[in-house]
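S.K.: Please put together the full structure from these sequences, using the hints given.
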Amino acid sequence: MKIIHAGLLIAALGLGACTNADRFGPGAGGAGAGAGGAGAPGSVNDPTSAAYFNATVGDRVLFAVDQSTLSAEAQQVLAGQASWLMTNGAYTALIEGHADEQGTQAYNLALGARRASAVQNFLISQGVAPNRLRTISYGKERPLEICSTEACYSQNRRAVTVLTAGAGL
Amino acid sequence: MIKFCLSLILALGLAAPLTAQERSGPLRIEITEGVIEPVPIAVAPFLAENAAASDFARRITDVVAADLIGTGLFRNIPESAYISRVSGFDAPVAYADWRAINAEALVVGAVTLSSDNRLLVKFRLFDVFSGAPLGEGLQFAGSTGSWRRVAHKVADQVYARITGESAYFDSRVVYVETTGPKNARQRRLSIMDYDGANVQYLSDASSIVLAPRFSPTGDRVLFTSYESGFPQIYEIAVGATQKRALGLDTDSMTFAPRYAPDGRRVVYSEAKGGNTDLYLLDLQSGKRNRLTSAPSIETAPDFSPDGSQIVFESDRSGGQQLYIMPASGGEPKRISFGQGRYGTPVWSPRGDYIAFTKQNAGRFHIGVMRTDGSAERLLTASFLDEGPTWAPNGRVLMFTRETAGSDGEPALFSVDISGRNLKRVATGTAASDPAWSPLLP
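Just so you know, the protein sequences line up as chains Z and B, in that order. Read left to right, the first sequence gives residues 0 to 168 (numbering that gives the first Met the number 0). Read left to right, the second sequence gives residues 0 to 440 (numbering that gives the first Met the number 0).
Since the hints were derived computationally from the structure, they do not count as laboratory data. Just so you know, not all the hints are guaranteed correct.
Partner residues aside, some chain Z positions facing chain B, computed with beta carbon under 10 angstroms [as the list claims (entries may be wrong)]:
1. Q101
2. A105
3. Y106
4. L108
5. S116
6. I135
7. P142
8. S147
The following residues of chain Z were derived to be distant from chain B, with all beta-carbon distances above 12 angstroms [to be verified]:
9. A54
10. T55
11. T86
12. G96
What follows is a list of derived Cβ distance ranges for each label pair [to be verified]:
13. Z/S153 with B/T428: 27 to 33 angstroms
14. B/D351 with Z/M85: 57 to 63 angstroms
15. Z/A39 with B/G317: 47 to 53 angstroms
16. B/G318 with Z/A39: 47 to 53 angstroms
17. Z/G165 with B/K422: 34 to 40 angstroms
18. Z/G165 with B/D371: 50 to 56 angstroms
19. Z/I123 with B/G329: 42 to 48 angstroms
20. Z/A63 with B/S251: 24 to 30 angstroms
21. B/S327 with Z/I123: 34 to 40 angstroms
22. B/G329 with Z/A54: 41 to 47 angstroms
23. Z/I123 with B/P294: 36 to 42 angstroms
24. Z/I123 with B/G317: 26 to 32 angstroms
Virtual Cβ for every residue (Gly too), placed ideally from N, Cα, C.
M.R.: In structure tokens, the structure reads:
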């Protein structure tokens, strides 16, 4: 059990290091293929693909300054994620918690962990099996937007659900 | 490890008795009071006692002078202003000539390069206005490759004798070299001399590395790396290439490690289920003790120099504040009560102050307070100042300053505890997360 667990972790994180929304190029979500759908397997039009999840379901939720509370809007996105994950059982997810640059390093790591955990708990409460979800925090180390104003900060205070093809942990 | 021999040069009866003195006592600068005007001194070009030593003599003189000037406490009088030259290491000092150009202190040195390629560096320090040597002459021996360290050791002696403080020039700083844009930063664990020279890498730039810390003996480094995919604590020996994971849970994040003063235990943060608490790890037995159990964030721990207490930050009151608890855990006592948020506390090696990062009204500050939270003073202010680390003598702080905007970059800065002498440390690239070593042996 432990060994399988560790092996999966490494596979998941190879993807987790990216921050681009289009991290799953065509064919990357191979596990989604064959489950039926309108588009080419793995494409953004294939509702069982990771690309579809990222683009249509929405792979991320945003947070207020120094908060890990899920807004109504965030809960709506996460309910969609939960329902998608329950339909597409061949994926696991790594939830990345991030903070903006207004804060000290260690605190932001802890804050990112809180945010990722808030998303994880919500998805579990919606019925996603706990062993399909893992969390990680990048603190302020991996901002998406690089300006130093609220326009960028608001996009950086995020939790991103990163899919990986594979069975439960 | 480089070994230095250090020998005392017997004091010769060089000092001519002085009749009139402008000062009642010997030369002494109190650095805690904050010096407005740097004290003029003369670091006379070190004499090369044989031809092979001349290049080293020049370079060593430059480093000694740079160390002393770099403190902001001294100004080096240029050689062109000298009335008399130093004709020999043992020659009598023409105090009147140095007094005439207002040199408060005179440093005289000599360098020999032996046939087996070893450097012998000796120096004497004179209190010009008292007309007497300040301490005994000293001689250092080292390999040619350690010429900078020898120079730092000379400057350390001069600094210590004039200020009465312990020294800090012969020390190193472990930090994170940073390249690339903000959203794709590459980070590399690096070590340099305190002045930015002799950079050495402890990692490649393939994964995120954070917040390194030296062991109390300066020969090992703790840090956080994402190499396994998850942030985990590692230890590496200085000069080694292989690091070791500290064997903590692989399914939870560990970060912010710091050695106990005994070097055998490590306090760190672990996030489980979104909640971050403090733990203590015994490096030998691998035994772990949980130190805090609160739903709040507890992180950025640091030991008191005697090992009896731990200072850390927590948001248990609603925002980040500083707390102190017994090193074995127990009820924390809050020590920060000012406006804003307080984080990254570090205990002075002298035990007298705690330095911290403060955020208030959209600005970041490095500050110091007494260990009971009194006498808070902010030393800096900028868009983002963070993560102070103490010089071995507890009188200077180094920290990360990051600039705002899309092309914002971190750099290392230092400032003394009176808030003076704020300056950028000469790193070749952008850099962050400094941690100062103890004084080298």
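S.K.: It remains to establish, for every hint, whether it holds in the given structure.
M.R.: Results of checking the hints against the structure:
1. At about 7 angstroms, the closest approach between the beta carbon of Z/Q101 and any beta carbon in chain B falls short of 10 angstroms, and the interface hint on this residue holds.
2. Interface restraint check for Z/A105: the shortest CB-CB distance to chain B comes to about 4 angstroms, inside 10 angstroms, so the restraint holds.
3. A cut of 10 angstroms between beta carbons decides the hint on Z/Y106: the least distance to chain B is about 5 angstroms, and the hint holds.
4. Given hint, Z/L108 at the interface with chain B, holds; its Cβ is 5 angstroms from that chain's nearest Cβ, closer than 10 angstroms.
5. Here the hint on Z/S116 is kept, as its CB sits about 2 angstroms from the closest CB of chain B, short of 10 angstroms.
6. Residue-level restraint check for Z/I135 holds (minimum Cβ-Cβ distance to chain B is 6 angstroms; threshold 10 angstroms).
7. With 10 angstroms as the threshold, the beta carbon of Z/P142 comes within range of chain B, its nearest partner Cβ sitting at about 5 angstroms, so the hint holds.
8. Interface hint at Z/S147: satisfied, since its Cβ lies 4 angstroms from the closest Cβ of chain B, which is below the 10 angstroms cut-off.
9. Residue placement check: Z/A54 keeps its beta carbon more than 12 angstroms from all beta carbons of chain B (closest about 20 angstroms).
10. The beta carbon of Z/T55 sits about 24 angstroms from the closest Cβ of chain B, which is more than 12 angstroms, so the claim that it is off the interface holds.
11. Annotated as non-interface, Z/T86 keeps its C-beta farther than 12 angstroms from every C-beta of chain B; the closest such distance is 26 angstroms.
12. Distance check on Z/G96: its Cβ comes as close as 8 angstroms (rounded) to a Cβ of chain B, failing to clear the 12 angstroms threshold; non-interface status is violated.
13. Taken as a hint, the range 27 to 33 angstroms holds for the pair Z/S153 and B/T428, whose Cβ atoms sit roughly 30 angstroms apart.
14. Checking the proposed 57 to 63 angstroms range against B/D351 and Z/M85 shows it holds: the Cβ atoms sit about 59 angstroms from each other.
15. The hinted range of 47 to 53 angstroms is satisfied by Z/A39 and B/G317, whose Cβ atoms lie roughly 51 angstroms apart.
16. Take B/G318 and Z/A39: their Cβ atoms lie about 51 angstroms apart, and the range 47 to 53 angstroms holds.
17. Restraint check, Z/G165 to B/K422: a C-beta distance of roughly 52 angstroms breaks the suggested window 34 to 40 angstroms.
18. A hinted range of 50 to 56 angstroms holds for the C-beta pair Z/G165 and B/D371, which are about 54 angstroms apart.
19. Between Z/I123 and B/G329, the C-beta spacing of about 34 angstroms breaks the proposed range 42 to 48 angstroms.
20. A beta carbon spacing of about 26 angstroms between Z/A63 and B/S251 agrees with the range 24 to 30 angstroms that was offered as a hint.
21. The beta-carbon spacing between B/S327 and Z/I123, approximately 35 angstroms, falls within the hinted interval of 34 to 40 angstroms.
22. The beta-carbon spacing between B/G329 and Z/A54, approximately 51 angstroms, falls outside the hinted interval of 41 to 47 angstroms.
23. For Z/I123 paired with B/P294, a C-beta distance near 18 angstroms fails the hint of 36 to 42 angstroms.
24. Taking the beta carbon of each, Z/I123 and B/G317 are about 27 angstroms apart, inside 26 to 32 angstroms as hinted.
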